Every structure is written in C-alpha cells, then in structure tokens.
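2 protein chains.
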Amino acid sequence: MDPHSAVGLGGNGVLGVVIPLDENRPDPEASLTDLVALVATGMERVNATILSRTGSSVQMIPEVANHLIASGGKRLRPILTLATADMCAYAGDGAVKLAASVEFMHTATLLHDDVVDESDMRRGSVAARIKWGNEASVLVGDFLLGQAFRMMVEVGSLKALDILSAAATVIAEGEVMQLAAAKNTETTEDEYLAVIRAKTAELFAAACEVGPVIAERPRAEQAACRAYGMNLGIAFQLVDDVLDYGGTSASLGKNVGDDFREGKITLPIVLAFRRGTDAERAFWKRTLEAGDVSDEDLATALTILRGHRALEDTLERARHYGAMARDALGLFPKGPMKQALLQVVDFCIARAH
Amino acid sequence: MDPHSAVGLGGNGVLGVVIPLDENRPDPEASLTDLVALVATGMERVNATILSRTGSSVQMIPEVANHLIASGGKRLRPILTLATADMCAYAGDGAVKLAASVEFMHTATLLHDDVVDESDMRRGSVAARIKWGNEASVLVGDFLLGQAFRMMVEVGSLKALDILSAAATVIAEGEVMQLAAAKNTETTEDEYLAVIRAKTAELFAAACEVGPVIAERPRAEQAACRAYGMNLGIAFQLVDDVLDYGGTSASLGKNVGDDFREGKITLPIVLAFRRGTDAERAFWKRTLEAGDVSDEDLATALTILRGHRALEDTLERARHYGAMARDALGLFPKGPMKQALLQVVDFCIARAH
Numbered sequence: 001m002d003p004h005s006a007v008g009l010g011g012n013g014v015l016g017v018v019i020p021l022d023e024n025r026p027d028p029e030a031s032l033t034d035l036v037a038l039v040a041t042g043m044e045r046v047n048a049t050i051l052s053r054t055g056s057s058v059q060m061i062p063e064v065a066n067h068l069i070a071s072g073g074k075r076l077r078p079i080l081t082l083a084t085a086d087m088c089a090y091a092g093d094g095a096v097k098l099a100a101s102v103e104f105m106h107t108a109t110l111l112h113d114d115v116v117d118e119s120d121m122r123r124g125s126v127a128a129r130i131k132w133g134n135e136a137s138v139l140v141g142d143f144l145l146g147q148a149f150r151m152m153v154e155v156g157s158l159k160a161l162d163i164l165s166a167a168a169t170v171i172a173e174g175e176v177m178q179l180a181a182a183k184n185t186e187t188t189e190d191e192y193l194a195v196i197r198a199k200t201a202e203l204f205a206a207a208c209e210v211g212p213v214i215a216e217r218p219r220a221e222q223a224a225c226r227a228y229g230m231n232l233g234i235a236f237q238l239v240d241d242v243l244d245y246g247g248t249s250a251s252l253g254k255n256v257g258d259d260f261r262e263g264k265i266t267l268p269i270v271l272a273f274r275r276g277t278d279a280e281r282a283f284w285k286r287t288l289e290a291g292d293v294s295d296e297d298l299a300t301a302l303t304i305l306r307g308h309r310a311l312e313d314t315l316e317r318a319r320h321y322g323a324m325a326r327d328a329l330g331l332f333p334k335g336p337m338k339q340a341l342l343q344v345v346d347f348c349i350a351r352a353h
Numbered sequence: 001m002d003p004h005s006a007v008g009l010g011g012n013g014v015l016g017v018v019i020p021l022d023e024n025r026p027d028p029e030a031s032l033t034d035l036v037a038l039v040a041t042g043m044e045r046v047n048a049t050i051l052s053r054t055g056s057s058v059q060m061i062p063e064v065a066n067h068l069i070a071s072g073g074k075r076l077r078p079i080l081t082l083a084t085a086d087m088c089a090y091a092g093d094g095a096v097k098l099a100a101s102v103e104f105m106h107t108a109t110l111l112h113d114d115v116v117d118e119s120d121m122r123r124g125s126v127a128a129r130i131k132w133g134n135e136a137s138v139l140v141g142d143f144l145l146g147q148a149f150r151m152m153v154e155v156g157s158l159k160a161l162d163i164l165s166a167a168a169t170v171i172a173e174g175e176v177m178q179l180a181a182a183k184n185t186e187t188t189e190d191e192y193l194a195v196i197r198a199k200t201a202e203l204f205a206a207a208c209e210v211g212p213v214i215a216e217r218p219r220a221e222q223a224a225c226r227a228y229g230m231n232l233g234i235a236f237q238l239v240d241d242v243l244d245y246g247g248t249s250a251s252l253g254k255n256v257g258d259d260f261r262e263g264k265i266t267l268p269i270v271l272a273f274r275r276g277t278d279a280e281r282a283f284w285k286r287t288l289e290a291g292d293v294s295d296e297d298l299a300t301a302l303t304i305l306r307g308h309r310a311l312e313d314t315l316e317r318a319r320h321y322g323a324m325a326r327d328a329l330g331l332f333p334k335g336p337m338k339q340a341l342l343q344v345v346d347f348c349i350a351r352a353h
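Order-wise, the sequence lines are chains A and B.
Using the numbering used here, you'd call the opening residue of the first sequence number 1 and step up by one each time.
Using the numbering used here, you'd call the opening residue of the second sequence number 1 and step up by one each time.
Worth flagging that the hints you see were computed from the coordinates, not collected in a lab.
Mixed in with the good hints, there may be bad ones.
One copy or two, it doesn't matter: identical chains are merged, so the pair holds either way.
Unchecked claim - Straight-line distance between alpha carbons at most 20 Å, and here's what the computed EDC-like set of lysine to aspartate or glutamate pairs gives:
1) 334 / 63
2) 264 / 240
3) 74 / 189
4) 131 / 117
5) 131 / 118
6) 183 / 117
7) 74 / 44
8) 183 / 289
9) 285 / 258
10) 183 / 297
11) 74 / 34
Bear in mind that the values here come from a model prediction, so they are computed numbers and not experimental data.
Could you build all of it, start to finish, from the sequences and the hints given here?
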C-alpha cells in the first residue's frame, strides 16, 4: 500500500488506518529550492561578507579567491549553518559570519586540494593553480583560513571556535589519510569511510553543529544537527563518487572518469575490487596502482563497475546515510526549515540519477 | 668617552657625571644563553606539548611534522611568548599552549613555503616536500595550523585568538605580496619592508604581544611587546638576507646564494640595484628576472653587492630596527628577563658577523 494514499480499505474489509505523510520517506521531487528561499536573506549577507573578507590590498588575493568563489558551487555548507541556526530559533548576528567562515574553510580546502591532486579543472573552470600557480593556491588558501578564524573570533563563541578549529584539523587528517591510502586497491570500505568522514563529512557536521551551539540549544540538539550534517556529508560524497563515473561532463563541470584517471580509490572501486575476478583485480592494479591507463580503459572500468552493480550499490549506501541524516532531525518539531533540511538529503541523493 | 666607564673627569676639569651602564647600547657578547636558561622550564612543557599535539592516528602526520620540528631551529618564537608573558608576571597555564601554537604556525608556514619556493633543503635537511611530496607538506601544514587554533581555543583568550588569527592572515598576505613582487628588481625598499613585516615580523610581533595580553597587562605594555617583536622580526629577516650571501653552507644549513639562485629580491639586491650601473642592472635583470644564472654568476653578484656596500648597509638597517626593538621595552622595569630580551636583539644582529 502506498503510504502517500491517506485512506485505504484493507483487504480484510476493515477501514484502513489513516497513514500520515511520512517525513522519513524520501521525497521524489526533492530540490534545494525551499531551503534556498528560506535562507535567502541571510545568504545575501553571507555573500556580502564573503566578498568583503576576500578584500586585500594584495591584488592577487581577491583575484584568486573570487575566481573560485564566484565560479559557483551551491554554497551548501553555509546554507546549512544558517538553516540549523534558524531551526534553533537563533536571532543574533553570529550565524552569518560563521556561515562565511565555513565557506572560506571549504574554499581553502579546494585550493589546497587542487595542489595535492594536481587538478587542472575545478567547478568547470581552469583550476586556480593552473592560472596563478601552486604558490598562489597554497597561500590564498592560507589567507582564507586565517580570515575564517578571524570571523569566528569576532562571533566570540569559544564552543563554535572549538568545533570549527577541530574540523580544520580533522579535514587535514582526512586528506593525509587519503594520500596514504592512495592507489591502494585493497582499501576496505571501513577505511574509505573513515577518509570521507574526515575529509568531507566533518565540515558538513561542523557547519550544522554551530547552528544550535550559537543558539545555545541543549546538547541533544547540537548532537542531532551534528549527526544530520555528518551523515548528509557522507551521502553527498558517495553520490559524488558515483557521479564521477556516471555523470556527464556538461552537468558535472569536470570530465567523467577524473577519479579513475587520477588513480583515486572511491567506494565503487572498493566494491568492484572485492567482488571482482582475478583478471579484474589485475586491471584495477594496473590502472589505479601502477597508473598505466590507456584511452579505452575508462570504458572497461565502467563495464566492470556495472557488472558488479558497484555504482548502484554505492548509491544504496548513500541512501543508508541519507536515512540516518533524516532520522537525526527527528527530535525537532515540524516546521518549514526542518522540512527543507529533509528535502536536501533527498536532493543530494537524487543528483545521482 | 666610553659610556661604560662609570666615572670620568671632563676635559674642563669638573668631575664628570656618573654614566650608568646603558641598556640601549648593544652588547657585544650577546647570546641566547640567558634567555634560554630563564625559560627552560616552560620550554620543556612547550616541547612536550608540541610532541603530543603532532600525534595523530594518521602515521604520516607525526612523521612529517617531527621531521621539521625535530630538525632544530632555535624555537625563538615560542621562547618570546614565554619570555614576554613572564616579564609581565603571568602565572597561568596559557602561555605554554600559546607558545606551542606560535611554533606550529611557524612550522606550517615553513612547510607551505617549501612548496611555494620549490625548495630542496630546509634547516640543513632534505625538505619535507622532497621526502614526502608537496601534498604532504601542504596538508600537514594545514593540520598544524588547525592544531594551533585548537590550542588557542583551549587557552580561551579571545584577544589572543584575535591577534594570532589576524597574524595568520597577514603572514599569508605577505607571502602573496612576495610572490607578486618576485623577480621584480625594481622593488623599492619600502615595498620590500612591507613584505617582510607581513611574512616574518608579524609572527614575532604576535608571539610577543600575546604574553602581556594573557597577563592582562595594560594596552601600553601590549603595544610595547608587539613593537619589540615587530622590529626584532624585521632585523632578524634582514640579517637572514645578509647571511644568504655571506654565511657559510655549514653554519647556515643551506647553501650560500639560495636566494640569488631562486631569483629572490631581498634588501641587498634592492640597494645594489638602485646604486648600480646600467651594466649591473642588466646583470640583475638577467639573473634574477630572467632566471638565466650560470655557475660564475654568484661570484659576480657578491662582487657587485660588496662594491655597493649592500650587505653592510642591509646590516646597518637591521641595527636600526634592532635599536627600535630595544627602545620599545623602555617602559618595563629592569630585570633579568628584560635584560635577556635585550640581548636577543644583539644576538640576532651578531649572527651576521
């Protein structure tokens, strides 16, 4: 029986119970639209803050920073900070600066990542390191990190500072973990999860946790928002992993198969490797570990991944974390902000289709 | 008349006034010994903190961090934090963590600098980026920066957090400024000073300022310690610039002429370029701007620098900032810590001989 049909007559002839619209059921029409509309005023102030805080008398800094910041991105992380603060009835000024801090931390990570990954493209544009050099990417990243901390200090919440500075450490640890695990096809699913928890999900978690923290809500609500962000972040990264093999160049802003060509071990690979034949494992070792990749290898990789349902099952795992994210918000009363945050989970996963 | 002779008979026959030992007069026997002894107990705790805070379950992080941290360096910056806190009669626990934070900020800068400069050597050892790759240098630097902020948060002084996070931003700005000015032989002395104020002296200034800040001393003492650190930092960098052309490989831990080969514009170059003939300017443009450097060019460079007294006069400029650093401490009463801090200025300059 479709739980969306409000009333039904059971097969045994008794009048069916009314089944309420289940907020834990994924919304097939999920989009970011509601959430974006709800935080629009705050995000205008976040964007103005971002613009003013990339300002520097050193000309190259706003150039490089704005190249990346202006090139889009949904600004999901700062949106989450505003949204969780609002859901917790926060009425002060601090959320805007914390949201801008979160976006700066994210941008700094992207700049440093490009140097680490030797990427040529980012968000559909030439990567900053190609245009201005590795030096500028490292240093402007450092500048943005410094500005992020300055804004947090201005907000004055030591607890929020603690959360975000700890996140900065954990993110770097996650990146180093990824580096150490790089090109190791025998990475386990648990090891991979530890990496993406640290390098991606931790910032989502921190972005969501500081909302109830500055609103001075009870610990349980802080933990709930943190868990929502953490699981949303994991789901988000897993869907990204799928998109890297299944999206189109146009919609993704980068080429399909980037992870494959860079020898990145992501969950689809972890699953396919463990489910594969000896010949398939030899293929993954040659291409990902030895870096011996020809033009036809991507097609072969996709065939193997599909043969083992590795992309579908990665998405299934993402749904699992998405469900955890939805449940984490259970203790908050219904309201438009909560509803919009639930939709975001579904939106993140629906990207993969 | 030698002001160190306590009593003299003036030429006009009247008894000369007693001239006290002038604390503003450079001490030719200057060394770090006194200061190191005075902060020894605190530095043991700083070193233990540094060791424990580079700990991570991600093995590569302590490896890379300790490669650099264990390879020496005088730890002048954390020493300055302990010393200024002590001079201001601070009795709490915070100075140790702030001192460790300062050293982590410095180490992070060194790691990122090596990537920016593409250096092969650092403190007489192979640079971390050569041993572990640029990726590790970028990311372990980020990790240390995150840990630095976590320790500051633990200390709980928003004012100290403000000073050190602002310093992080200014340092990055200074590095970008240097990048933008790189290979420009027409850099003015003022432009060069702006760069080293930001990239080197700001951290000295912040390291010294947080001492009186956590001791909750009046603004004038905070400003005095900041000015001491700022001017000491400028003098320190100018002496480094001289050492790069005049030190020996053994004593310096890096090869003489590194700055020259990397096309770095430092004050000796700025002075020699402005004082030079057209032929000499063409030489600097060829070697530093165009990067066309042969093995004999370093000897030529040294001859030109000496011909214009560029190294001596850079050292003279360093003495000027050293004198400002000494005077900045004027309002503090005499005492062994103040005396040791004055000696440090002379020690920094005496390195150049």
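Exercise for the section: Check residue 131 against residue 117 for me: Cα-Cα at most 20 Å, and say if that holds within a copy, between copies, both or neither. Expected result: So residue 131 and residue 117 pass the 20 Å test inside a copy (15 Å) and across (17 Å) alike.
Practice task
Using 20 Å as the alpha carbon limit, work out where residue 183 and residue 117 are close: within a copy, between copies, both or neither.
Solution key: Classified as within; 13 Å inside a copy, 28 Å across copies.
Exercise for the section: State whether the alpha carbon distance between residue 74 and residue 44 is at most 20 Å within one copy, between copies, both, or neither. Expected result: within (13 Å within a copy, 48 Å between copies)
Practice task
Up to 20 Å between alpha-carbons, please classify residue 264 paired with residue 240: within, between, both or neither.
Solution key: within (13 Å within a copy, 42 Å between copies)
Practice task
Check residue 183 against residue 289 for me: Cα-Cα at most 20 Å, and say if that holds within a copy, between copies, both or neither.
Solution key: Within. Shortest intra-copy distance 5 Å satisfies the 20 Å Cα cut-off; inter-copy 40 Å does not.
Exercise for the section: If the cutoff is 20 Å on CA atoms, where do residue 334 and residue 63 land: within, between, both or neither? Let me know, please. Expected result: neither (43 Å within a copy, 49 Å between copies)
Problem - Copy assignment of residue 74 with residue 189, given that the CA separation must stay at most 20 Å - result: neither (28 Å within a copy, 44 Å between copies)
Practice task
Measure nothing new, just compare the shortest in-copy and cross-copy C-alpha distances for residue 285 and residue 258 to 20 Å and report within, between, both or neither.
Solution key: Within. Shortest intra-copy distance 17 Å satisfies the 20 Å Cα cut-off; inter-copy 41 Å does not.
Practice task
Go through the copies and call it for residue 74 and residue 34: within, between, both or neither, with a Cα cutoff of 20 Å.
Solution key: within (14 Å within a copy, 57 Å between copies)
Problem - Identical-chain pair category, residue 131 with residue 118, by Cα at 20 Å - result: both (13 Å within a copy, 18 Å between copies)
Problem - Within, between, both or neither: residue 183, residue 297 at alpha-carbon 20 Å - result: Cα proximity of residue 183 and residue 297: one copy only (16 Å, versus 44 Å across).
In summary, the numbered hints that this structure violates are 1 and 3.
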